[in-house]
Amino acid sequence: MSSPRVTRWRASPSTGRTTSSTSTRSRCSPTRPIPTPRTPSSTSCSRTRRAASWTGPVSVPRSAGRRSDRSTPRLSPLVWIAAGVALALLVLPLAALAVRAPWAQLPELLGRSEVVSALTLSLGTALLSTLIALALGVPLALVLARSAAWPVVPRRVLRALVTVPLVLPPVVGGVALLLLLGRRGLLGGPLEDAWGVTIPFTTTAVVIAQVFVAMPFLVLAVEGAIRASDRRFEQVAATLGASRATVFRRVTLPLVAPGVSAGAVLCFTRALGEFGATVTFAGSFPGVTQTLPIATYLELQRDPQAAIALSLVLMVVSVVVLVALRDRWVPGTTA
Amino acid sequence: MSSPRVTRWRASPSTGRTTSSTSTRSRCSPTRPIPTPRTPSSTSCSRTRRAASWTGPVSVPRSAGRRSDRSTPRLSPLVWIAAGVALALLVLPLAALAVRAPWAQLPELLGRSEVVSALTLSLGTALLSTLIALALGVPLALVLARSAAWPVVPRRVLRALVTVPLVLPPVVGGVALLLLLGRRGLLGGPLEDAWGVTIPFTTTAVVIAQVFVAMPFLVLAVEGAIRASDRRFEQVAATLGASRATVFRRVTLPLVAPGVSAGAVLCFTRALGEFGATVTFAGSFPGVTQTLPIATYLELQRDPQAAIALSLVLMVVSVVVLVALRDRWVPGTTA
Amino acid sequence: AGGVDTVPGSSSAGTAAEEELTGQVTVFAAASLSDVFGTFETRFEELHPRVDVLVSFAGSSSLAEQIRQGAPADVFASADLATMASVEDDGAVSGSTAFTSNSLELVVPVGNPAGVTGLADLARSDLAIALCAEEVPCGAATVTLLDAVDVEAAPDTLEQDVTSVLTKVRLGEADAGLVYRTDVLAAGDAVEGIAVDGADDVVNVYPIAVLADAPNPDAADAFVDFVLSDEARGILDGAGFGAP
Amino acid sequence: MLHSGARRVRRHGHVRGELPRCHADPPDRDVSGTAAGPASGHRSVARPHGGVRRRPRRAARPLGAGDDGVSATSGERRGAGDLDVHVSLRRGSFALDAAFLALAGRTLAIAGPNGAGKTTVLECIAGVTVADTVGVRVGERVLDDVGTHVPPEARRVGMVFQEYLLFPHLTVLDNVAFGPRSTGAGRLEARERAAEWLHRFGLSGLSDRRPHRLSGGQRQRVALARALVTEPDVLLLDEPLAALDVEVRDDVRLELADHLADFGGATIVVTHDAADIRTLADDLVILERGAVTHDGPVAAVFDGPTTAYARRLVGRAGA
Amino acid sequence: MLHSGARRVRRHGHVRGELPRCHADPPDRDVSGTAAGPASGHRSVARPHGGVRRRPRRAARPLGAGDDGVSATSGERRGAGDLDVHVSLRRGSFALDAAFLALAGRTLAIAGPNGAGKTTVLECIAGVTVADTVGVRVGERVLDDVGTHVPPEARRVGMVFQEYLLFPHLTVLDNVAFGPRSTGAGRLEARERAAEWLHRFGLSGLSDRRPHRLSGGQRQRVALARALVTEPDVLLLDEPLAALDVEVRDDVRLELADHLADFGGATIVVTHDAADIRTLADDLVILERGAVTHDGPVAAVFDGPTTAYARRLVGRAGA
Ligand SMILES: Nc1ncnc2c1ncn2[C@@H]1O[C@H](COP(=O)(O)OP(=O)(O)OP(=O)(O)O)[C@@H](O)[C@H]1O
Ligand SMILES: Nc1ncnc2c1ncn2[C@@H]1O[C@H](COP(=O)(O)OP(=O)(O)OP(=O)(O)O)[C@@H](O)[C@H]1O
Ligand code: MOO
Ligand SMILES: [Mg+2]
Ligand SMILES: [Mg+2]
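Protein chains in written order, with the numbering used here: chain A, 1 to 335; chain B, 1 to 335; chain C, 1 to 244; chain D, 1 to 319; chain E, 1 to 319.
The hints are simulated quantities; they were obtained by calculation from the structure and are not laboratory data.
It cannot be assumed that every hint is accurate.
[Unchecked claim] Non-contacting residues of chain B with respect to chain C, defined by C-beta distances greater than 12 Å in every case (computed):
1. Pro77
2. Leu87
3. Leu127
4. Trp150
5. Val152
6. Val175
7. Gly276
8. Ile308
9. Val313
10. Val317
[Unchecked claim] On the chain D side, residues computed to face chain A include the following (Cβ under 8 Å):
11. Val128
12. Met159
13. His169
14. Thr183
15. Ala185
16. Ala195
17. Ala308
Glycine included, every Cβ here is placed at the ideal spot set by N, Cα and C.
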């Protein structure tokens with residue numbers, strides 16, 4: 001029923017050619033006279049004529065669908081330049097390291113049982129620490145992000161306190177952990193007296209040290225993401241009958257997934273590279289507390305080339321883990 | 001003109017008392033008979049009557065305005081518990097440190113010129129590093145966040161590469177910087193040959209080391225925030241005639257301000273606490289390259305108590321800086 | 001600082017008792033000892049198959065702090081007397097034994113590009129000089145040595161440990177540095193060592209001790225005995241360590 | 001719309017009409033405060049429409065904490081689902097002070113100028129805006145009072161927000177299934193119920209889309225479906241049809257009217273559209289600058305509008 | 001709306017009306033392709049309305065890259081501001097293929113069912129959706145063609161988005177001042193111009209608010225003001241009045257019509273409301289399932305609607 005109308009209009013250029021200014025119909029019709037036929041001006045109202053004057057968009061190619069969906073990235077050249085410099089600063093040193101690294105030594109190194117056990121320990125503890133940091137840190141981030149209703153001073157001080165472990169030289173952080181959880185520590189003493197539990201120099205201590213050092217990264221990243229997110233979706237979820245836990249799990253978290261993902265990556269990598277606090281609080285017992293960074297540090301005293309090779313192993317492993325895990329953590333937001 | 005109508009309805013309970021089921025008017029009117037006058041049921045349609053049955057909400061107290069504006073925080077107890085544990089884990093070790101610290105020694109320590117110069121150097125370089133990281137890292141984050149159109153492999157590898165400096169043991173990071181920018185480094189060699197410029201052992205080297213180590217934190221945090229933000233606002237800005245730079249400055253950045261702020265805090269604190277890469281790449285010379293973490297580490301070997309006091313100084317200074325700066329960076333988002 | 005027993009083999013450990021040694025010995029050793037103590041561990045476990053030696057390497061002061069905080073260690077081997085003394089002051093150790101020593105040597109990059117010949121070159125301001133910081137053991141030794149030969153050094157950096165100094169020299173960033181002889185030996189061809197006069201007069205002594213709260217005192221005693229034995233002496237000599 | 005709109009309503013008038021609706025359920029409520037039959041069941045049978053998709057709604061969901069289940073003595077149920085609201089708060093220079101009653105089984109329209117406080121009132125009822133000076137009750141159940149605040153998730157008050165607020169990370173189907181899932185339904189059942197509502201609103205083909213890939217009108221219908229599928233005790237619709245095209249608008253309006261006829265709880269519809277009011281609502285509250293300036297049956301307002309706004313609304317400004 | 005709506009339009013008809021508008025500017029365009037006067041100036045004088053706030057729009061802004069400034073030989077300006085659109089793209093199962101012409105100085109309404117592609121077309125014209133198969137021209141200026149894509153900020157095409165998309169971090173005043181600021185105005189001048197538009201839409205009191213503290217209708221008016229203040233060459237309005245209350249809607253519609261009468265460029269209004277079409281538009285395109293099913297002067301559609309949708313739109317469904 002619609003085609004006749006379209007056809008009628010398609011045929012209308014001829015009626016549009018009238019020069020009479022009194023014709024209301026042609027006045028209000030979008031068709032107008034064509035002065036010079038070959039000029040690609042827009043004065044023709046005929047769809048066919050117009051389509052001919054456009055070189056391209058006549059039919060709908062199947063492949064165009066996907067391309068048309070997204071809009072241009074449109075980043076200014078300045079942004080690209082700055083990003084390039086930043087990337088060079090981060091990547092070139094690694095390239096230099098890779099150029100000078102004793103690649104031939106790698107197979108031998110990777111065959112050593114201490115290296116393998118250190119690598120396993122590092123990956124295991126870093127993953128565990130990240131999971132713990134997620135379980136504890138995301139709620140903390142939530143509380144901090146939603147602290148807008150609190151008085152100003154406690155709110156700011158609380159936020160600043162969370163960042164303090166970032167500032168401490170890691171070795172001092174390790175000392176602080178010893179002072180708290182060591183056998184003579186504020187909590188560690190009573191803990192040992194009551195249950196005979198000692199924490200330092202165990203794999204548990206490695207995890208605690210890593211959580212202490214790495215969790216603030218996660219908390220701050222997630223807090224930033226939560227503060228930037230729209231709270232109204234949570235209200236909607238509540239009106240739909242979702243409990244607080246459901247709202248958190250199915251609305252809050254997915255909405256800040258990119259932030260949580262970024263925070264988890266920060267946390268994981270920081271835990272993987274952690275050295276000072278671990279060696280101070282947990283010691284460096286092969287297989288128990290000697291993580292790969294500690295092994296690297298010790299190797300640096302003995303055989304710097306081997307140490308560089310070990311760092312490369314750490315690098316490659318972390319890149320592989322990140323590339324493999326990342327897009328799985330955030331199914332929707334990364335394409 | 002509206003008051004008569006209201007008054008009319010206010011007076012309506014009496015007309016509503018009819019029990020005739022055939023009265024269309026009362027059928028459709030929200031007024032209904034009141035069975036037992038003192039029962040606080042909702043059957044009365046009279047505003048005055050209803051107001052009386054409610055204990056509270058009769059008048060509008062001036063002070064209620066501010067309170068009514070916000071909705072309940074509504075965090076589940078589980079969240080509070082987890083957040084509490086997280087906070088305890090982060091803050092208690094610091095408390096233990098503070099308890100055991102030789103507070104009496106502090107004034108003497110703060111009087112020492114090396115300490116003062118180390119503190120000044122630390123703050124200055126960390127701030128400078130943060131500014132540089134902002135200038136370079138935010139564009140990099142933007143490029144990474146907008147890389148959705150790229151092929152999958154380079155995109156993921158690029159992202160992972162940015163995180164690698166986080167994984168490297170800082171000392172190895174320092175070695176990598178030496179291999180690149182040292183006198184015999186890939187770039188440093190030509191640099192010295194051409195212009196006689198050497199970077200190691202200078203304050204510049206301190207800043208470079210800090211940027212190298214701390215910028216990835218900023219990049220990842222900001223990238224997460226940008227990916228979580230709504231791109232349509234940028235499109236609107238463009239239709240309003242804003243250039244790319246303007247869109248970036250006045251729309252993109254403010255919208256991800258919480259993320260940028262979180263990233264800057266991460267970056268600043270990480271730079272402030274940086275030790276391994278700095279000492280390896282820049283060395284440690286009082287007043288030039290010896291930052292407070294390095295001074296603390298050295299003091300730890302001689303006088304652990306004094307070292308703890310120095311860490312406390314670092315902590316307090318960073319808390320003060322953060323509390324003072326933070327809300328200024330992000331004027332709108334933190335109340 | 002506490003009294004140091006310089007007589008080797010003073011511990012009383014009967015051969016009969018050694019047969020029954022079991023369990024785990026936890027040894028805290030200075031990071032600069034990691035090479036030799038690695039060998040010690042292997043050898044000791046060969047001698048006492050039912051004993052498991054665990055060695056934790058870290059900076060001496062870090063280990064000392066761990067011990068002060070009640071770390072469940074049996075043996076502590078420090079890189080200098082002062083650190084051991086701080087542990088003794090705390091009551092965690094009653095009496096230690098010096099088991100070896102180390103002395104300083106000039107180190108220069110391969111080919112000695114700056115033409116360094118002796119300690120006097122450390123005063124040249126046109127050179128990049130890396131030294132240990134005064135706060136750490138090797139730095140204390142450096143200060144003593146330079147005072148002894150009356151050289152006013154012009155360092156560009158004061159490093160937190162020997163390894164850092166060595167790294168800078170190895171990569172050619174520093175034209176010269178002062179490190180332990182053992183480190184020069186361990187670095188092999190990567191650097192060149194230049195022996196200096198008077199270095200042997202300024203030695204850094206390494207003490208070892210069984211901790212007062214040692215969970216496995218018998219095995220700990222046996223390990224210390226091993227460290228003080230002639231076999232261990234040979235291993236230490238091979239790594240460049242000097243007599244106690 | 002316009003003269004055409006008038007036609008449409010008249011057409012609807014033939015089909016379901018306003019007057020029949022007002023007269024249609026005489027036996028309950030009005031006989032006396034104590035002699036009404038089982039409220040919703042009785043009433044919905046009496047309604048002329050909704051026969052096709054009617055469901056035993058109330059039987060599945062007990063009404064309130066105080067009176068669960070349909071008691072044998074039907075007199076007990078009087079006013080059980082009525083919504084009694086008193087909102088009185090300040091937001092900067094804007095002061096809101098409104099009280100009204102929305103009867104169970106009936107639809108109350110709220111109209112009024114922009115910024116009059118309509119959305120604010122709904123948000124208070126839904127519990128997402130909190131103030132000490134808000135009183136909300138459903139039957140005997142106090143949702144808000146001084147010192148009392150039932151959180152939104154425990155209110156069984158459904159709301160369609162003016163800006164839709166579809167969850168951007170969920171598909172259309174999962175958006176609609178969110179409510180049932182949250183209130184205990186299994187994944188399969190929730191999806192089934194969601195699919196049914198999507199079908200009713202002509203959205204079946206869009207189930208797997210994310211909201212950002214929908215048109216404005218499609219979004220609004222999803223928001224409507226999402227609120228309706230939860231089968232709440234009270235239904236709040238904030239301009240639920242504003243983005244719909246003329247055809248769909250009529251269809252959705254009918255669908256909605258049909259559903260509301262079945263619905264035993266109180267419904268509030270905020271709208272600027274007189275056609276919506278006539279088709280959907282029984283009663284009308286006009287809110288102006290935070291105050292109720294009109295409250296009564298729809299017919300009364302259309303018969304004799306008293307304020308300038310009301311006259312504008314019913315179209316007598318020029319008359 | 002409804003019968004009331006019809007009254008309202010008739011009232012408007014008295015004031016500015018559709019017919020007078022169509023007849024009102026005979027001298028330009030139609031005389032011949034080469035003999036029109038300086039397009040906008042001439043036309044706006046001829047329009048019955050907008051005398052109060054008229055501004056020398058075109059003089060301040062040269063039209064296109066090809067023909068800047070008002071040339072002495074007025075014949076050069078023929079069709080200079082006309083918007084020529086050909087959109088043809090695919091989004092999953094949805095295929096859009098539409099072409100039409102929006103004349104400078106006139107307002108084209110686009111109506112059509114939900115999901116017909118109205119918003120998509122506008123986004124293509126604004127340049128925020130990109131496809132190789134989109135062609136857009138304003139006069140001689142090619143904005144989109146194969147291999148050509150002028151970025152949105154260089155198009156001078158203003159758009160009111162269906163979801164408003166007010167900048168959440170800026171106050172109402174700064175939201176509206178954003179455009180002028182971005183196109184070179186000083187802070188003071190930009191704010192002044194913004195304040196003027198806020199005043200026109202009755203929003204003066206809200207200047208310092210952030211958008212989240214506005215009601216839905218207030219937001220929509222701010223979005224409208226934000227787009228209008230930039231004085232673009234082409235104006236795209238996506239359901240710009242949907243959230244407005246009856247009173248404000250009439251006022252804003254008048255204000256808008258007033259402005260559009262002055263406006264020398266092409267305007268496209270997407271709306272579901274026949275009253276909007278009659279009051280604001282000269283021409284009407286009906287888009288259904290991605291295709292243009294009707295294109296012509298408004299009066300023609302109302303005289304003889306051809307598709308089911310068009311009949312529904314003009315209210316003859318029941319007739
Ligand atoms: N957070 C806030 N702070 C201060 N004032 C607010 C806030 N939110 C809303 N307001 C004001 O409260 C008044 C009521 O807003 P509300 O959204 O309830 O209006 P409404 O009746 O729904 O209007 P509309 O028809 O435009 O949707 C408005 O004048 C608005 O500007
Ligand atoms: N990103 C996308 N991917 C796939 N389909 C899309 C996408 N965005 C929109 N669509 C579909 O394209 C069609 C046109 O959408 P558009 O928003 O242009 O409709 P509209 O005419 O503006 O409708 P409304 O009146 O509801 O606003 C719709 O069917 C919609 O579902
Ligand atoms: O214990 Mo150290 O590593 O020689 O300072
Ligand atoms: Mg509203
Ligand atoms: Mg649309």
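Hints, one by one, checked against the model:
No Cβ of chain C approaches the Cβ of proline 77 of chain B within 12 Å, the least distance being about 35 Å, so the stated non-interface status holds. Distance to chain C confirms leucine 87 of chain B as a non-interface residue, since its nearest Cβ pair spans about 23 Å, more than 12 Å. For leucine 127 of chain B, the non-interface assignment is confirmed: its Cβ lies about 23 Å from the closest Cβ of chain C, beyond the 12 Å cut-off. Every C-beta of chain C lies more than 12 Å from that of tryptophan 150 of chain B, the closest at about 36 Å, which supports listing it as non-interface.
Listed as a non-interface residue, valine 152 of chain B keeps its Cβ farther than 12 Å from every Cβ of chain C; the least gap is roughly 38 Å. The beta carbon of valine 175 of chain B sits about 7 Å from the closest Cβ of chain C, which is not more than 12 Å, so the claim that it is off the interface is violated. A beta-carbon of chain C is positioned within 12 Å of the beta-carbon of glycine 276 of chain B; the least distance is around 10 Å. The Cβ of isoleucine 308 of chain B does not lie farther than 12 Å from every Cβ of chain C; its closest approach is about 10 Å, which violates its non-interface assignment.
For valine 313 of chain B, the non-interface assignment is confirmed: its Cβ lies about 17 Å from the closest Cβ of chain C, beyond the 12 Å cut-off. For valine 317 of chain B, the condition that its CB be more than 12 Å from all CB atoms of chain C holds, with the nearest at approximately 22 Å. Residue-level restraint check for valine 128 of chain D holds (minimum Cβ-Cβ distance to chain A is 4 Å; threshold 8 Å). The beta carbon of methionine 159 of chain D comes within 5 Å of a beta carbon in chain A, closer than 8 Å, and the hint placing it at the interface holds.
Contact between histidine 169 of chain D and chain A, as hinted, is supported at the beta carbon level, the nearest pair being about 4 Å apart and thus within 8 Å. Annotation: threonine 183 of chain D was flagged as interfacial toward chain A, and the flag holds, the nearest CB pair being 4 Å apart, inside 8 Å. Interface hint status for alanine 185 of chain D: violated, as the beta-carbon distance to the closest one in chain A is roughly 10 Å, over 8 Å. Given the 8 Å rule on beta carbons, the hint for alanine 195 of chain D is violated: about 17 Å separates it from the nearest Cβ of chain A.
Interface restraint check for alanine 308 of chain D: the shortest CB-CB distance to chain A comes to about 33 Å, outside 8 Å, so the restraint is violated.
In terms of the numbered hints stated before, the structure departs from hints 6, 7, 8, 15, 16 and 17, listed from lowest to highest.
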